[in-house]
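> Given these sequences and hints, build the entire structure.
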Amino acid sequence: MSAIKEQFEIPSKMKTWSLALIAIGVLALIFGFVTKARGTEEEQAVFIGTLMYNTIFWTLVCNASMFFICATTLAMGGWPLAFRRVPEAISAMVPIFGTITAAILLYVVFADKHYIYHWLDTKAVAADEVLKGKSGFLNVKFFTIWTLLTIGLWSLLGWRMRQLSLEADDATVKENGSSYIWRNTVSAALFIIWFALTVGSTVPWLWLMSIDAHWYSTMYSWYTFASSFVSGMSLIALWVIYLKNKGYLEYASNEHLHDIGKFMFAFSIFWTYLWFSQYMLIWYSNQPEETIYFKHRVQGPYKGIFFLNLIINFICPLLILMKRSAKRNYTLMTFMAVLILFGHWLDFYQMVMGSISKAEVTLGWLDFGILSLFIGLMIYFVSRSLASKPLVSKYHPFLKESIIHHT
Amino acid sequence: MAKKKFVVGCFDDEAALFPAVKKVRTVGYKIHDVYTPFAVHGLDHAMGLRETSLHTAGFIYGITGTTTALSCISWILTSDWPLNIGGKPHFALPAWIPITFELTVLFAAVGMVLTFCYLCQLAPFVKKHHFHPRATDDLFVMVIECTSKTNVDDLKGFLSNNGAVEVDVQVAEDGWWLGRYDKEEMPFEQKIVAA
Numbered sequence: 000m001s002a003i004k005e006q007f008e009i010p011s012k013m014k015t016w017s018l019a020l021i022a023i024g025v026l027a028l029i030f031g032f033v034t035k036a037r038g039t040e041e042e043q044a045v046f047i048g049t050l051m052y053n054t055i056f057w058t059l060v061c062n063a064s065m066f067f068i069c070a071t072t073l074a075m076g077g078w079p080l081a082f083r084r085v086p087e088a089i090s091a092m093v094p095i096f097g098t099i100t101a102a103i104l105l106y107v108v109f110a111d112k113h114y115i116y117h118w119l120d121t122k123a124v125a126a127d128e129v130l131k132g133k134s135g136f137l138n139v140k141f142f143t144i145w146t147l148l149t150i151g152l153w154s155l156l157g158w159r160m161r162q163l164s165l166e167a168d169d170a171t172v173k174e175n176g177s178s179y180i181w182r183n184t185v186s187a188a189l190f191i192i193w194f195a196l197t198v199g200s201t202v203p204w205l206w207l208m209s210i211d212a213h214w215y216s217t218m219y220s221w222y223t224f225a226s227s228f229v230s231g232m233s234l235i236a237l238w239v240i241y242l243k244n245k246g247y248l249e250y251a252s253n254e255h256l257h258d259i260g261k262f263m264f265a266f267s268i269f270w271t272y273l274w275f276s277q278y279m280l281i282w283y284s285n286q287p288e289e290t291i292y293f294k295h296r297v298q299g300p301y302k303g304i305f306f307l308n309l310i311i312n313f314i315c316p317l318l319i320l321m322k323r324s325a326k327r328n329y330t331l332m333t334f335m336a337v338l339i340l341f342g343h344w345l346d347f348y349q350m351v352m353g354s355i356s357k358a359e360v361t362l363g364w365l366d367f368g369i370l371s372l373f374i375g376l377m378i379y380f381v382s383r384s385l386a387s388k389p390l391v392s393k394y395h396p397f398l399k400e401s402i403i404h405h406t
Numbered sequence: 000m001a002k003k004k005f006v007v008g009c010f011d012d013e014a015a016l017f018p019a020v021k022k023v024r025t026v027g028y029k030i031h032d033v034y035t036p037f038a039v040h041g042l043d044h045a046m047g048l049r050e051t052s053l054h055t056a057g058f059i060y061g062i063t064g065t066t067t068a069l070s071c072i073s074w075i076l077t078s079d080w081p082l083n084i085g086g087k088p089h090f091a092l093p094a095w096i097p098i099t100f101e102l103t104v105l106f107a108a109v110g111m112v113l114t115f116c117y118l119c120q121l122a123p124f125v126k127k128h129h130f131h132p133r134a135t136d137d138l139f140v141m142v143i144e145c146t147s148k149t150n151v152d153d154l155k156g157f158l159s160n161n162g163a164v165e166v167d168v169q170v171a172e173d174g175w176w177l178g179r180y181d182k183e184e185m186p187f188e189q190k191i192v193a194a
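Same order as they appear, the protein sequences are chains A and B. Heads up, the first sequence is in numbering that gives the first Met the number 0, so the first residue is 0 and it goes up one at a time. Heads up, the second sequence is in numbering that gives the first Met the number 0, so the first residue is 0 and it goes up one at a time.
Mixed in with the good hints there might be a few duds.
From chain A, some residues computed to sit far from chain B (all C-beta separations above 10 Å) [said to hold, decoys possible]: (1) 112; (2) 132; (3) 168; (4) 265; (5) 279; (6) 323; (7) 327; (8) 356; (9) 398; (10) 405.
Non-contacting residues of chain B with respect to chain A, defined by C-beta distances greater than 10 Å in every case (computed) [as the list claims (entries may be wrong)]: (11) 21; (12) 41; (13) 114.
Within a straight-line C-alpha distance of at most 25 Å, the following computed DSS-like cross-link-like pairs (lysine-lysine) qualify [what the hints assert, rightly or not]: (14) A:294 - A:12; (15) A:4 - A:294; (16) B:87 - B:2; (17) A:302 - B:87; (18) B:127 - A:294; (19) A:173 - A:12.
Hint data in this document are derived by calculation from the structure and do not stem from the laboratory. We put the CB at the ideal spot given by N, CA and C, even for glycine.
Structure (structure tokens):
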């Protein structure tokens, strides 16, 4: 076997670009802080809301990488090993973005910003039967503990998985392969359980859905999960394609890209399924306390974004990614990955801002500025994390399975 | 319907089959078909078969189903027999999506099964020649079509040299004909007619 390029070196161009994006983002942040954060309550709400949906979106997207690793580990799937260091590097963002998320959310809760979370308003809750009934779940103490626990355990369990993966760089793993796989399985299972208790159920309710304090949908968390997972797969696809174009990841072939593409395709449809289930049940039963969520989204100012969201996240992946050859084409996959990431970012935008700023769509320079901040941070830290270890875990027992993988 | 002469080589291992298929094609013999007990990954590429267009057909059947459902329901519920259902508008698109989805899947699935049967010439009372009864059991059977120029003995030797455990020559119908596999004539009992 010929030598492979197993050490990623960050191109100086990439570093410049990521720092430039961060600089743009910081400028937008400062400018937003000056113009909005000290303005009226509405302006403050828009500023904090913009930070909130961006940071939650990117935390969940990066965390989806670790979910992908753990799910394939539990399924004894060997195929992702050829590029597994990529989702690992992306998931190393969870502690960083998670800290930002926790800081912003706890600021909202402790500074009593009840224009974001209505349930923080103790007077209103005391006079409100519905909110009183929810106060066991929606209260400051539970919110704080659960948020910190969530982000802490995501980071910790993800770190554990990455440490285990590093062991496979050492030849000794060959002698106790089955015990190595077993330890991987146990750690992955722990992560998945915690993931199910958080992203799969409570966390989207707590962080996002509770902005509409009265409204509820049990589908909401799955919907958020589907959104973040399909974006997570797109992000992995982008990094894999980038590294392939730079001549790295020799073992990852079109077969692997095809499988990533299948995930993007399938989970776009899964997302639509949840989107539609949530929408249709509410539309059909037509209860005022439920339809209130969709009122200004479908018939009000958010109409355009609402349907654009469906076109980008359903129609485009369905028609473009359906063909086998499309999933093996670098250009199309790059295009679709960017489109899906943008589409689900827009989805998070309307989920959060659609509830905070009901009267008008605020999408503008602040949103794209903050987005650029997060993209810059993501590129900067993921590339550093990629460069810090070999791109292939050489002695992983399943590596051969991944190299000869074909669909 | 024409009878043709075939040279039949049987392999007892997938690993022996692949290089043999490759060599037979390189030398220039025409492979009629390869019969295997189970689906063998990558064999279609090795045999140089073109990619099936069954999925394109499936897509067309699917959108036919979508169009049928949408046009049918919308015509019925808006102009033929409008009903007031829960105060919803007559053109109640969200309520139709599940049915549209079901019809899309139904059309695509049934259409593809029937197309598949047509492509493989599978139907009741359609009969085809079986080159080797053990092709459904444990043998990989490669059938090579002979032309007037084919040197049968050379070909037989060539197959044996490339790992065939059993080689024979058969003159058989290459298409299908109407008939039945009745009790007296089951494929697994069929005698191999040596030419």
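> If a hint holds in the structure, say so; if it does not, say that too.
Status of each hint after checking the structure:
For residue 112 of chain A, the shortest C-beta to C-beta distance to chain B comes to about 35 Å, beyond the 10 Å cut-off, and the non-interface label holds. Listed as a non-interface residue, residue 132 of chain A keeps its Cβ farther than 10 Å from every Cβ of chain B; the least gap is roughly 28 Å. Taking the minimum C-beta to C-beta distance to chain B, about 31 Å, the non-interface status of residue 168 of chain A holds against the 10 Å cut. Non-interface call for residue 265 of chain A relative to chain B: holds, since the shortest CB-CB distance, roughly 15 Å, exceeds 10 Å.
Distance check on residue 279 of chain A: its Cβ comes as close as 5 Å (rounded) to a Cβ of chain B, failing to clear the 10 Å threshold; non-interface status is violated. Not every C-beta of chain B lies more than 10 Å from that of residue 323 of chain A, the closest at about 8 Å, which undercuts listing it as non-interface. Listed as outside the interface, residue 327 of chain A is consistent with that label: its C-beta sits roughly 13 Å from the nearest C-beta of chain B, beyond the 10 Å cut-off. No beta-carbon of chain B comes within 10 Å of the beta-carbon of residue 356 of chain A; the shortest separation is about 26 Å.
Look at residue 398 of chain A: its CB is around 20 Å from the nearest CB on chain B, clear of 10 Å, so calling it non-interface holds up. Interface exclusion of residue 405 of chain A from chain B breaks down, the closest Cβ pair being 7 Å apart, not more than 10 Å. With a closest Cβ-Cβ approach of about 17 Å to chain A, residue 21 of chain B is found to remain outside the 10 Å limit, as its non-interface label requires. For residue 41 of chain B, the requirement that its beta carbon stay farther than 10 Å from each beta carbon of chain A is not met, with the minimum near 7 Å.
For residue 114 of chain B, the condition that its CB be more than 10 Å from all CB atoms of chain A holds, with the nearest at approximately 18 Å. Distance hint between residue 294 of chain A and residue 12 of chain A is unfulfilled; the C-alpha atoms sit about 46 Å from each other, more than 25 Å. Our distance criterion of 25 Å between C-alpha atoms is broken by residue 4 of chain A and residue 294 of chain A, whose separation comes to about 54 Å. At most 25 Å may separate the alpha-carbon atoms for a hinted pair to count; residue 87 of chain B and residue 2 of chain B exceed this at roughly 66 Å.
Between residue 302 of chain A and residue 87 of chain B, the direct Cα distance comes to roughly 20 Å. Compliance with the 25 Å bound is thereby established for this hinted pair. A C-alpha spacing of about 63 Å is found between residue 127 of chain B and residue 294 of chain A, which places the hinted pair above 25 Å, so the restraint is violated. For the given pair, residue 173 of chain A sits about 38 Å from residue 12 of chain A by alpha-carbon distance, which is inconsistent with the 25 Å threshold.
Against the hints set out earlier in the document, violations occur for numbers 5, 6, 10, 12, 14, 15, 16, 18 and 19.
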